[in-house]
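Guided by the hints, dock chain B onto chain A, whose structure is given.
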Amino acid sequence: DSGVTQTPKHLITATGQRVTLRCSPRSGDLSVYWYQQSLDQGLQFLIQYYNGEERAKGNILERFSAQQFPDLHSELNLSSLELGDSALYFCASSVTMGHSYGYTFGSGTRLTVV
Amino acid sequence: AQTVTQSQPEMSVQEAETVTLSCTYDTSESNYYLFWYKQPPSRQMILVIRQEAYKQQNATENRFSVNFQKAAKSFSLKISDSQLGDTAMYFCASQDGGSNYKLTFGKGTLLTVNP
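As given, the protein sequences belong to chains A and B, one line each in that order.
Residue numbers for the first sequence, in my numbering: 1 to 114.
Residue numbers for the second sequence, in my numbering: 1 to 115.
If we strip away everything but chain A, and leave its shape as in the complex, we get (with noise of 0.2 Å):
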């Protein structure tokens, strides 16, 4: 257990549906990032919270959203979901705003869009 918390494992969900992905940062940790890993993309960066503020944003749709609260779980939420969102999603999570240990990683949840 890397302490890193994300729910639900699996989601199969149909198109046009939105989503709520949650993650729970390990104990401590006040950054949390949010990748998305597909078979023709990687591992691409979505978005980065720190302390409950946005702090920097990659290759993340319109259609996708985040939010850190102020318990520091994070959700990603996915809007008008097509089948090339099919992926696992990982949040990772940090001590600091950066951090040059590197993240701990969620063990990530499996969407499947039909």
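Please note that the accuracy of each hint is not assured.
List time: in silico DSS-like cross-link candidates among lysine-lysine, alpha-carbon distance up to 25 Å [claimed, not checked]:
# : chain 1 : residue 1 : chain 2 : residue 2
1 : B       : K70       : B       : K107
2 : B       : K55       : B       : K70
3 : A       : K9        : B       : K107
4 : B       : K73       : B       : K107
5 : B       : K107      : A       : K57
6 : B       : K78       : B       : K55
These are computed hints drawn from the structure, not numbers from a lab.
The following block gives chain B in isolation, referenced to the frame of chain A:
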């Protein structure tokens, strides 16, 4: 922007032997960090080893070591005494040491350790 290239999509090695995974990167930053992550079939991303770009000494973690060639922008991973549990996808990654600490990953190398 940082880019990371892993030119070996798949590799295999016999148990107890040594294998080297290649990685090249490109960055305009003077301060950066390099990592190797392992993703076994459980899909958990596990940090294997890290290297600070300003350090010339190659990092070592037990059976894992790197060959960091800064001028060539090369960062290879050597696994000694390979074990069946080393079977996994290995990702090379770079991290900007500036204000944006996002990790940029390579496409990965699937390593299979054969008994």
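Hint numbers the structure violates, sorted upward?
none
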